[in-house]
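Q: Modelling step: build the complete structure from the supplied sequences, incorporating the hints.
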Amino acid sequence: MDRWVNVAPEEELHPGNHQVVEIDGALIAVFNIDGQFFAIEDVCTHDGGALACGEVDGDVIICPRHGARFSLATGEVLSPPAYEGVATFPVRVEGGIVQTRDPRWD
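Read in the working numbering, the sequence shown has 185 at position 1, and its numbers run on one by one without any break.
Hints are supplied without guarantee of correctness; some may be wrong.
To be verified - Across the chosen pairs, the derived CB separations fall in these ranges: (1) 288 x 237: 20 to 30 Å; (2) 188 x 264: 26 to 36 Å; (3) 237 x 263: 28 to 38 Å; (4) 241 x 187: 29 to 39 Å; (5) 231 x 258: 13 to 23 Å.
Quick caveat, the hints were computed from the structure, so don't treat them as lab data.
Glycine included, every Cβ here is placed at the ideal spot set by N, Cα and C.
A: As structure tokens, then:
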């Protein structure tokens, strides 16, 4: 399924902010990092907690529960206690609207 989902108008998703959307039961967090958009699944692979409310340091998200670090660009886990990366998703801007999709079911 090639279904893009609207996240927010580009002018409302300011650098340093994020927005969470649900696509087919998955929560996807879309971040604006210095004008670049990144999307990850909003779930820590260590214990299943939400990631989007964690601290962002450059293009790294820090899990607010136990401090695991993940790359927003690649989903790669950068520090324990997590040992598995998070899913990443494509992001585009169409007509001034930030969009993402979950290609896992294509």
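Q: Range hint 13 to 23 Å: satisfied by the CB atoms of residue 231 and residue 258?
A: Given range 13 to 23 Å: holds, Cβ gap about 21 Å.
Q: Per the hint of 29 to 39 Å, is the separation of the Cβ atoms of residue 241 and residue 187 within bounds?
A: Taking Cβ atoms as reference, residue 241 and residue 187 lie about 32 Å apart, which means the hint holds.
Q: Do residue 188 and residue 264 keep their Cβ atoms within the hinted range of 26 to 36 Å?
A: holds, 35 Å
Q: Confirm or reject the claim that residue 288 and residue 237 have a C-beta distance inside 20 to 30 Å.
A: Holds: the Cβ-Cβ distance is about 23 Å, inside 20 to 30 Å.
Q: CB of residue 237 to CB of residue 263, is that within 28 to 38 Å?
A: Hint violated: Cβ distance 18 Å, outside 28 to 38 Å.
Going down the numbered hints, you'll see the structure goes against just number 3.
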